[in-house]
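The primary structure of each chain is shown beneath.
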Amino acid sequence: MRRLRAFGHFWWDFVVGDDWRAAAGIVLAIGLTAALVAAGLDAWWLMPAAVAAILALSLRREASR
Amino acid sequence: MTAAFLVASAFLASAVEFVEALTIVLASGITRGWRSSLIGLAAATVALAAIVAALGPALTLIPIDVLRLVVGGILLAFGLQWLRKAILRASGFKALHDEAAIFAEETAGARTAAREERAGLDWYGFTLSFKGVLLEGLEVAFIVLTFGSTQGSIPLAALGAGIALVLVAVVGVLVRAPLTRVPENTMKFAVGVMLTTFGTFWAAEGAGAHWPGDDASLPVVLAFVIALSFAAVGMLKRRRLAFA
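Chains as they are written, first to last, in the working numbering: chain A, 1 to 65; chain B, 1 to 244.
Mixed in with the good hints, there may be bad ones.
[Unchecked claim] A few chain A residues that don't get close to chain B, going by computed Cβ distances all over 12 angstroms: (1) Met1; (2) Arg3; (3) Leu4; (4) Arg5; (5) Gly8; (6) Arg61.
[Stated by the list, open to error] Derived CB-CB ranges, DEER-like: (7) B:Gly234 x A:Phe10: 44 to 52 angstroms; (8) A:Ala24 x B:Asp214: 23 to 31 angstroms; (9) B:Pro63 x A:Trp12: 37 to 45 angstroms; (10) A:Ala24 x B:Ala49: 21 to 29 angstroms; (11) A:Gly31 x B:Glu117: 51 to 59 angstroms; (12) B:His210 x A:Leu28: 18 to 26 angstroms.
Hints listed in this document are in silico derivations from the structure and should not be mistaken for laboratory results. All of these numbers come straight from a predicted model, not from anything done at the bench. All residues carry an ideal CB built from backbone N, CA and C; glycine is no exception.
Work the whole structure out from these sequences, hints included.
Shown next as structure tokens:
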């Protein structure tokens, strides 16, 4: 059990890191892009805009610590 | 363009990780003896090869759009971590990555650790080297497999990583000291930019969107991420000066 937890922790740390909000923002942006595409709008522009917003918010949080 | 971009990205990302692994192996070898450290290095290399051999073919079986969606998302999360740290370092909000300081810290820890023999090896030296190489190598394996499989060419990505490995190993053997003159922080910045670029591109494609001009828009996304990063560094620098 302890090894399984350590394994999960390693991957969480590896991919998500210390800002889970940024990872959640990415999942949300991908979901929104897929929903807009399904609705007939080719929303290629959404990911770059989301990246800019996620990065700005993440940096602001880090810089205000 | 995409092939060159792929090789360059895999080379840069791998070189950064290999420099970090070299620092740990050197610290272990100098303080705990070369035999245990080199066996740790070899054991980690075998473990990495097994992981790559198991995962590589499995990745090629996944439909490309699903792969791009998942890999794009993971790569973006991973890339934004690198980019955020690189921007914070470049703007002075975070200490620069210093291989000499890490080497000093690792050697101090290795010198004071008790000697425990297992299977004829100094266990501390073996595990320090094994863990360091395995963890840094996993990042390389992850980047090579995801970049390569999503772009349809694992061999090209592996070529970039292979060149980095040979270069770092040769320089490491020649100087036998941590590679402090490698512009590691600049390289990490570049890797963060590239991972974020590829992640943005693939995540959108995986979600079903079509980039104007297809692959030709990749350099435009790259330029956007670079401009965004430099703007962030500039803003954070001004903010730091304003509060100083």
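* **Earlier hints that do not hold, by number** => Hints 6, 7, 9 and 10 are the ones this structure does not satisfy, whereas the remaining hints hold.
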